[in-house]
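Asker: Each chain is listed here by its residues.
2 protein chains.
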Amino acid sequence: MEAIEKEEFRVPRRLRGMQKSNIRQIFDAALPGSINFGLGQPDLSTPRCIREEAVRVIQKEENGYTSHAGLPELRQHIVDDYPHLGLTADDCIVTVGSNEALYCATMALCEEGDEVLVPNPAFPAYPAINRLAGAETVLYRLPKEKEFGFDAEEFEKQITDKTRVAIILSPSNPTGRSLSRDDLKEIAGILEGTGIYAISDEIYKELYFTDERPASISEYYDKTLVVGGLSKNMSMTGWRMGWLLGVPEAIKRALVVHGYNTVCTSTITQKASLAYWTDAGKHAEDHCREIWRRRKDLLMELIESELRLPAFEPEGAFYTMMDVSSLGDEMDLVNKFLENKVITVNGSGFGDEAKGFLRISYCASEENIEEGIARMKKAINDR
Amino acid sequence: MEAIEKEEFRVPRRLRGMQKSNIRQIFDAALPGSINFGLGQPDLSTPRCIREEAVRVIQKEENGYTSHAGLPELRQHIVDDYPHLGLTADDCIVTVGSNEALYCATMALCEEGDEVLVPNPAFPAYPAINRLAGAETVLYRLPKEKEFGFDAEEFEKQITDKTRVAIILSPSNPTGRSLSRDDLKEIAGILEGTGIYAISDEIYKELYFTDERPASISEYYDKTLVVGGLSKNMSMTGWRMGWLLGVPEAIKRALVVHGYNTVCTSTITQKASLAYWTDAGKHAEDHCREIWRRRKDLLMELIESELRLPAFEPEGAFYTMMDVSSLGDEMDLVNKFLENKVITVNGSGFGDEAKGFLRISYCASEENIEEGIARMKKAINDR
Chain A
602 MEAIEKEEFR
612 VPRRLRGMQK
622 SNIRQIFDAA
632 LPGSINFGLG
642 QPDLSTPRCI
652 REEAVRVIQK
662 EENGYTSHAG
672 LPELRQHIVD
682 DYPHLGLTAD
692 DCIVTVGSNE
702 ALYCATMALC
712 EEGDEVLVPN
722 PAFPAYPAIN
732 RLAGAETVLY
742 RLPKEKEFGF
752 DAEEFEKQIT
762 DKTRVAIILS
772 PSNPTGRSLS
782 RDDLKEIAGI
792 LEGTGIYAIS
802 DEIYKELYFT
812 DERPASISEY
822 YDKTLVVGGL
832 SKNMSMTGWR
842 MGWLLGVPEA
852 IKRALVVHGY
862 NTVCTSTITQ
872 KASLAYWTDA
882 GKHAEDHCRE
892 IWRRRKDLLM
902 ELIESELRLP
912 AFEPEGAFYT
922 MMDVSSLGDE
932 MDLVNKFLEN
942 KVITVNGSGF
952 GDEAKGFLRI
962 SYCASEENIE
972 EGIARMKKAI
982 NDR
Chain B
602 MEAIEKEEFR
612 VPRRLRGMQK
622 SNIRQIFDAA
632 LPGSINFGLG
642 QPDLSTPRCI
652 REEAVRVIQK
662 EENGYTSHAG
672 LPELRQHIVD
682 DYPHLGLTAD
692 DCIVTVGSNE
702 ALYCATMALC
712 EEGDEVLVPN
722 PAFPAYPAIN
732 RLAGAETVLY
742 RLPKEKEFGF
752 DAEEFEKQIT
762 DKTRVAIILS
772 PSNPTGRSLS
782 RDDLKEIAGI
792 LEGTGIYAIS
802 DEIYKELYFT
812 DERPASISEY
822 YDKTLVVGGL
832 SKNMSMTGWR
842 MGWLLGVPEA
852 IKRALVVHGY
862 NTVCTSTITQ
872 KASLAYWTDA
882 GKHAEDHCRE
892 IWRRRKDLLM
902 ELIESELRLP
912 AFEPEGAFYT
922 MMDVSSLGDE
932 MDLVNKFLEN
942 KVITVNGSGF
952 GDEAKGFLRI
962 SYCASEENIE
972 EGIARMKKAI
982 NDR
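As given, the protein sequences belong to chains A and B, one line each in that order. Positions 602 to 984 (the numbering used here) are the ones given, in order, by the first sequence. Positions 602 to 984 (the numbering used here) are the ones given, in order, by the second sequence.
Worth double-checking, as some hints may not be accurate.
A pair counts as met if it fits within one copy or between any two copies, since identical chains are not told apart.
[What the hints assert, rightly or not] Think about it this way: if two alpha-carbon atoms lie no more than 30 Å apart in a straight line, the pair counts; the simulated DSSO-like pairs of lysine-lysine are:
| id | residue 1 | residue 2 |
| --- | --- | --- |
| 1 | 763 | 979 |
| 2 | 942 | 758 |
| 3 | 956 | 942 |
| 4 | 661 | 883 |
These are computed hints drawn from the structure, not numbers from a lab. Since the model is a prediction, treat every value here as computed from it, not as a measurement.
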């Protein structure tokens, strides 16, 4: 042997084959000055009432650990927003963003041999978190021919005796679609008696453009854990404010994971977040929602009038799915847009059901939306 | 059957038998107005330079997500404090306190069937995190007859072909002891060639009362991951600022866990923490260290002169181990102290090697230390 072989790192099974996400690679390839339709975070500033309260607690208060579960007053506010569940503050955990809530819920519910139902398409963290918890992901189609709406047959046929959890996501990243009350009743009817837990990801709950706020599966199905947070509706992504609430026995176990994982989320973030449950907080949220609505209307109008491409009307969140299947390979188009300084994300990054679509996020100013559409139009015409 | 049996929650194997910690139960039983010698967090305020910078970034900057690994400038500062490792900022992850660093490191290194060497006594999170990662904890004695110092024979005899990780903790919670350079050389000599990873928990590294700052096993053994943070030395427990650095292949995998677990720690915390690596930051740290030293000297003097009990001289952290074996059952004494409004923690909560000891933390003002000792004296005399 001419050289000593470099020792290989033994990768634990839970991490084998996990790769840098396709979305991350797109961002890494973006040119300076690009207009970003790829983002999953608001570009709006965190509302003043939150920031002022954070400044006050930093200047005037001590900020040691909170209990693992988080400030009791904060947890009380959170469970009060789900009055139909009749929970106490003990049935809620404040987490490091909604991502840690998902993580702790999955670790508390699943083990090797379990299956987790995940929408196709959906936020790519679900399959990854399932892997970390030792569970298998089983996808259920949200058919593109139904504009990525819920399909009971597609859902029900994926259930096996190994199914432990069903992820329910509404409003959806990446589709911007919400589940209707009829959808939720259907889901509850299918799950009833199976022992399957629903994890309801409601991180986009307050970003809605329908007349009614999207309903929660927890209103129809009692074996539900709800995941939520303030990252999107209050433009607080970097603050790391999330929560998990629901079935007490499951929450008790998720709290063990949370305590040994992160102890608590930032105390400053927790205290400042109390300002969300005030008139000023709700006013700020309404104000942001109106901005998102205006941007959505502008974007949808320009996609139709300038690009002449089909796109699904968003009911919530800040994404639309634009059908580019008439223009050839979607990754070729993503790259063509990148060359023209526009960042978009391929739908297939969220599941093969969304192949042929791009996720267009409207986390951009109206001016940038107009300029971005112009660049896309030029890129399409120059092909 | 007269009643439908209540369905039992199926607890995943990783969580079976995990209980509320003994320490938590002591705190829950404390009376109002108690003097707290039980705490593991500084009672000093977060230094002004950190708080001022946090206020500035909240008022003047946007605070969205950072990259999963954290701010590059912050990671560069962190790796620069370990020049012997020759690492780049890519070999470091900013975490939600040092606890998440430990968690991610263990998840990235271990899987079912692995064993992790853990000091006895030590911080009780290690065995719990090992369980969550599917690994078995194997304790190695830090013998009380050596004042909880390192014992090479005790360490070496616990190594098997399943040993994947050895936890090295210096300065130690609960003992306040540090490992000498000779200890570290001995550990490195034992581990060399085994393929075992060292996880070096250095959260108390900057709280030392010896002439030299405690050395790191990473100076002697290259398969090391270092865990650290600003919680203790900069009184930032509630801010959640920690880190993990070391072997690139392992860090790469720990980053996957971290990204799907918490995404990033608070952006405000990250930006404010940059102030630690300034003259003002280092000055504040020195100032705190001097306060801890004065409190330690006072506490040790009073334990000797007032309580007349043996206690080991701390070399770092903010704990001493007080030998109460002459006074009967340690839990009886903890309860007696609780009745007299003094909180202490039984040594056996950290491992059976510390049975007969109490961990006395000096996270209390000099005035409270004096009053607390007086209450303990009275409690002992009243037995």
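Asker: Can you tell me if residue 763 and residue 979 fall within 30 Å by alpha carbon in one copy, between copies, both or neither?
Answerer: The answer is neither: 50 Å in one copy and 60 Å across copies each exceed 30 Å.
Asker: Is it within a copy, between copies, both, or neither that the alpha carbon of residue 956 lies no farther than 30 Å from that of residue 942?
Answerer: Answer is within: at 22 Å inside a copy they meet the 30 Å cutoff, but 66 Å across does not.
Asker: Evaluate residue 661 and residue 883 at a C-alpha cut-off of 30 Å and name the case that applies: within, between, both or neither.
Answerer: For residue 661 and residue 883, both the intra-copy (25 Å) and inter-copy (23 Å) Cα distances are at most 30 Å.
Asker: As a check of your reading, is residue 942 near residue 758 (CA-CA no more than 30 Å) within one copy, between copies, both or neither?
Answerer: Close neither inside one copy (43 Å) nor across copies (61 Å); limit 30 Å.
In the structure shown, a violation is registered for the earlier hints numbered 1, 2, in ascending order.
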